[in-house]
Each structure stands twice: as C-alpha cells, then as structure tokens.
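> Make a model of the complete structure from these sequences and hints.
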Amino acid sequence: MSLRSADTVRYSWGALRGYPTRTLLMLLAISVGVAAVVILTGLGEGARRYVMGEFAALGTNLVIIFPGRSETAGISPSTLMGETPRDLTLADAGALARASRIRRMAPINVGSAEISRGGRSREVVVLGSSHDLLAIRHWKMAQGRFLPHLDLDRAAPVAVIGSKIRAELFGAEHALGQWVRLGDRRFRVIGIMGSEGRSIGVDVEETVMVPVASAQQLFNTASLFRILVEARSREALEPVKQQITEILQRRHQGEKDVTVVTQDAVLATFDEILGALTYAVGGIAAISLAVAGILIMNVMLVAVSERTAEIGLLKALGAPAGQISRLILTEALLLSLGGSLLGLAVGELGCWLIRHLLPTLPAYPPPWILTAVLALTLLTGLSFSLLPARRASHMDAVAALSRR
Amino acid sequence: MIELRAINRSYSVGGQPVRALDNIDLDIDAGAYLSIMGPSGSGKSTLLNILGLLDRPSSGHYRLDGHDVTALSDLEQAQVRNQRIGFVFQMFHLIPRLTAAENVALPLLLAGVAPGRREPLVAKALQELDMGDRAHHKPEQLSGGQRQRVAIARATVTEPELLLADEPTGNLDHHSGQEVIRILESLNSRGITLIMVTHDPEMGRRASRRIKLVDGRLADPDVAT
Ligand SMILES: Nc1ncnc2c1ncn2[C@@H]1O[C@H](COP(=O)(O)OP(=O)(O)OP(=O)(O)O)[C@@H](O)[C@H]1O
Ligand SMILES: [Mg+2]
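So the protein sequences, as listed, match chains A and B. In this text, residue positions in the first sequence follow this note's numbering: the first is 86, and each later residue adds one. In this text, residue positions in the second sequence follow this note's numbering: the first is 91, and each later residue adds one.
The set of hints was computed from the structure by calculation and includes no laboratory data. It is possible that part of the hints are untrue.
Unchecked claim - Computed footprint of chain B on chain A; a stretch qualifies when at least three of its residues, placed anywhere within it, have a C-beta under 8 Å from a C-beta of chain B: (1) 94-100; (2) 229-240.
What the hints assert, rightly or not - With the Cβ distance kept under 8 Å, some of the chain B side facing chain A (calculated, not the full set): (3) Leu-116; (4) Leu-144; (5) Leu-162.
Stated by the list, open to error - From the derived model, a few chain B residues whose C-beta atoms are all more than 10 Å from chain A: (6) Ser-100; (7) His-157; (8) Ala-161; (9) Gln-217; (10) Asp-263; (11) Leu-277; (12) Asn-278; (13) Arg-299.
Cβ coordinates follow ideal geometry from the N, Cα and C atoms, glycine included.
Right under this line is the structure:
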C-alpha cells in the first residue's frame, strides 16, 4: 500500500495551487535564473557565430601570408646583422601563383589616398590587388566588372570603387567609364562594389581597388601587405602551407621570414575563445540558479511549518514518513519543472527579441544548454528541498495535530 | 480487542519528568462504547494517542487483537492506522483546499486505492452521513456540524474496527454536538469500537463503559473530582 504516483503529483499540484503567491514567487525566481542562462549563452553563441561568419566571409580554404615571423625560432645570420625581415614582393606572389596546389592567389597592398572628381574629393582606403581577389573573397559586383586579368607587374589606370564613394563623387550621375583622380594619377572607373562584401577588415563600400602594380606606384613601394591564397580543397590547406613556406624560404635565401597561417587555424582560435566565453557567461548565470535553490529551500521550510496540521493529519491517516518526504520533493520537482519550462520560454523569447533587434547577431542558445539547464534546475530544486522534506517527515504527529 | 498493560508515558519538561500516564492497565472489548473523562491535563488525549498509534508509550505493552503493536515499526504502525483505526478530532482537521469528497478520499489515496474504486466508497461514506449533496463543497462552505460529519466520513471510509474521537463535540454548538454523538453511536451500534474523550458528563454517561483519568491514573468514574 502506498500513494500512487499520479495521486502524488495531483496532491502536490493541489498544494502548490493552494498557495498561489508563494508558488508564483518561486516560479519567478527559478525562471529568471533559467532565462538568464538561456539568454546569456544565446548572446555568447551569437557572438561566436557572428565572428565565425565574418571569418568565413573572408573566403574558404584560405591561406594568408604576411611578412615577418610570428614566432622566434632560432637566430639567423640576418637577425644577428640587425637586418629587418625581407619584404614580400610581387615576384614572391608570382612564384606562388605557379604552385600546383594553389587554385587562386591575390597579392594585397593597402594605403590611403585622396580621391577627387570635379570639385569633390575625400580620403579613401586604396586596395591594390588582382583579378582573383573577387573570387577569393566571394564578393559580387554591383555594376561593371572587377579588376582585369593582368600580369602582376603591369599597372593599369582602372579602378573599382565602393558604392558609397560612387554616391559621394557622382551623386545621381553615371559613374562607369568616368575618370577619377587618385593621388596624382588618373583612373577610369570600371566597376562598383555593392554592400555584399562587408566583412572583417574591409568595408568595400568605402574602398577603391586598383591593380596591385598601380597601387605600388601610387604609394611608391615595392613590397606587399599580404598575399591571399586559396587552396584547392580543405585537405590541401596544410600541404599548401608547407609548399608556400618552402617556396618563400628558397626565394629568401633560406630565411623563414614570413608567417603563413591558414584561416582554419585563426577560426579555431576564435572558436575556442568565444566558446569558452559562452561557458563562462553561462556559468555565471547558473549562479542565479543556486540562489533560486536557496530560495526554494527557505520557502519550502516555511510551507512545511505552515502546513504542520496537514502533515500531522496525513500521518494520522497512515502516511509513512517516506510518503511525506515524497510529497514535498514532488512539489519541489513540479516547481522546478514549471519554473524551468517558463524560464526556457522566456529565454527563447529573449533570444528571439535580440535576433529581431540585432539581425546581425545570431543569438541562438546552444541546444545542449536547454537540456543542461533543465537537468541542473531539477537537481537544484530536488537537493535544496531535501532538508524541508526531512523536516516534514520527521514531524511529530501528535504535536503537529495539537498545534492550533 | 485492546489490552493495555502497565502503560507509562512521561515527558521531560525542563529536566523535570512529567507523568502524563501512570501505569495504566485497561482491556477494551471489540464493539465497546467507552468514554474517557477527567480534568484537563489528566492524560486523556495522551491515552487516546497511544491507542491510535500516534504516540508510543515510554513503557508498557499494547496489544491490538492479540498482536503487540508497540513492537511494530513506524511503517507498520502507519499501515495499522490507515486500515484499522479512524480518528475524529475536536478541530476537524479537514484540508481547506480540498473538497469534502477529496478530504474523505485521503485515507484511500494514501492506501494506494485506484481512483475508480475510491469514488463509490467516498460517495457511500458521505451518503451515510447525509453529506452526499455537499461532496464538492470546500470546508469553509460548511457549518461546524457538517465539517465534523465530513471528518467522520473520512474516519469511516476505510471501514476501521476502531474509532477514536477526542472531544468531537468540543467545537460544536449543543444541537450539532448531539447530532454528531448520535452518528458516532449509530456507527458503534453497527459494530465499530468507539472510544471517545469528552468533558461533558452528560455525554460521557451515554457510553456503555466509562473510565476516568486523574493525574494520569485510572480513577472511579462515579466519584466527582
Ligand atoms: N509534548 C508534551 N510535552 C510535555 N508535556 C506534555 C506534552 N503533551 C502533554 N503533556 C502533559 O501531559 C499531561 C496530559 O496531557 P493531555 O493532553 O493528555 O491532557 P488532557 O487530559 O487531554 O487535557 P485536556 O482535557 O485539556 O485536553 C499534561 O500535564 C500535559 O502538560
Ligand atoms: Mg486533550
């Protein structure tokens, strides 16, 4: 003989409904904790996805080469002689373009210059590069065409301008085919970049792109800022990195004076940092759950002492101590379950609102967090009501019944 | 049916022992109607609680139907209370958020009786106390007499052999009190053993057997104190 589970749940549910203020208060405390976890991890995950997305927009299977060594491994004759690291040159880029595992290559040069047309002028970022940059970065043209196929060392007076620059210089006029002045040189506008190519580092809407050799003339330099390389596949990334390192080392008289990173490596680092951040933020929010647990304990203790006569009666009617504990624990479980479901709903709603207000931030809480927070809340509710349950079940029936 | 042998119950209050029951020997036959009288603080409730297995004696033996129930575990005692003993309290002790029917169903609920089997038993118990039309009322919607009738229905729904009532009319007006007594007596006439604590000498006299407690000891019921 013992109370059926369905009756246990129904009885506990009735007890919770019998004290609506107290029940609502506890539901509120639990759901605030749960919602905090969901929203904060949603934000963390959103930030992670945002950054990952931005990096992915840089291009796929990307290898980035820049001058200078990132790690200090060994002392070479040149560092002993106090030489600065050798620059990356167009000849280096040309050598890479011939490597077998490389699909596309684009040298990059960056500087700023004044652009003017008619009476209007402004400072702009000038990017010197080549035809393949468009494909590497997955950009799309708004109008016209991108930089033409040229030998890397051939300058040409053509420019691709961002849509904002077009609007500032030309207003409502037609821009394609028109001439603009960049520094002390004249360029003909052959293409216009739209807003598609917004990504980390470059806002193409406010950039002017010219052939790399033209940019070198403009800035009076022979060196490159960076070389972007696209490998044929993801699997080819490491071999490509190896090959690039070897080619450049050979070309630089055995010096390892460039840094070659794969986009994967960069991504992995960011992924790790932002993932850890999500955990940390979720952990901090989980503390509010522990606070809710302490509240549950206190309120359940009050509930037990308020319902002394009821507990005494149940004992008189033949409820053993274990049964009384089970009723109290069931109440706590129902509360935790209700609170966490409410909190999950509020949290999801909050995340939806964030996504609605900040469309660029994909604030989706990681799916596992929902299960984890549910389990954690149930566990918290259960463990913090062990003491109240114990107190209720150890209550002396005679004393409980005679209290008036 | 009931044999009490050398039952003592003492409390220690501030280090001083207080003897609530002092060496009680008592035999009660099945189907008896026994009233317990005595001045306030004489140990009437204490005795009733021991008879109802709500309290354990400090020493002595209690045999119910030949079995020594003082030796039973808490769990076994709970079972005996549920199946064989019914309680009626002065304070009614109905659960305010439950309806009359739900209050009556409690002992069956605790015994794990399925809902389908509970319903007819509850309806019958309420019917017998003329409370059938109040089944879905909350205690606060009932008069004192009606509440006590619901409490009696709860005490009898499991058809116990023993009914213990501690001043069942203590909170009722004269008329309702009379009615409750009549109900308890009719239950007794159908075979249930009725043990009732009362302050009212007139009601006490209606019992076929009377005992009196003075300072925790049995005394002559016909000598005024
Ligand atoms: N929990 C307790 N702790 C200490 N003393 C107690 C306790 N319960 C009862 N007593 C004492 O035991 C004695 C008997 O109490 P009991 O409640 O049985 O009296 P009673 O005859 O039912 O009185 P009344 O007619 O007022 O209900 C009293 O002296 C009381 O003070
Ligand atoms: Mg009493």
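> Compare the structure with each hint and give your call.
Evaluated hints:
no. : hint    : result
1   : 94-100  : holds (count 3)
2   : 229-240 : violated (count 0)
3   : Leu-116 : violated (19 Å)
4   : Leu-144 : holds (5 Å)
5   : Leu-162 : violated (12 Å)
6   : Ser-100 : holds (14 Å)
7   : His-157 : holds (17 Å)
8   : Ala-161 : holds (17 Å)
9   : Gln-217 : holds (21 Å)
10  : Asp-263 : holds (19 Å)
11  : Leu-277 : holds (18 Å)
12  : Asn-278 : holds (20 Å)
13  : Arg-299 : holds (24 Å)
Violation of the numbered hints given earlier is confined to hints 2, 3 and 5; the remaining hints are satisfied by the structure.
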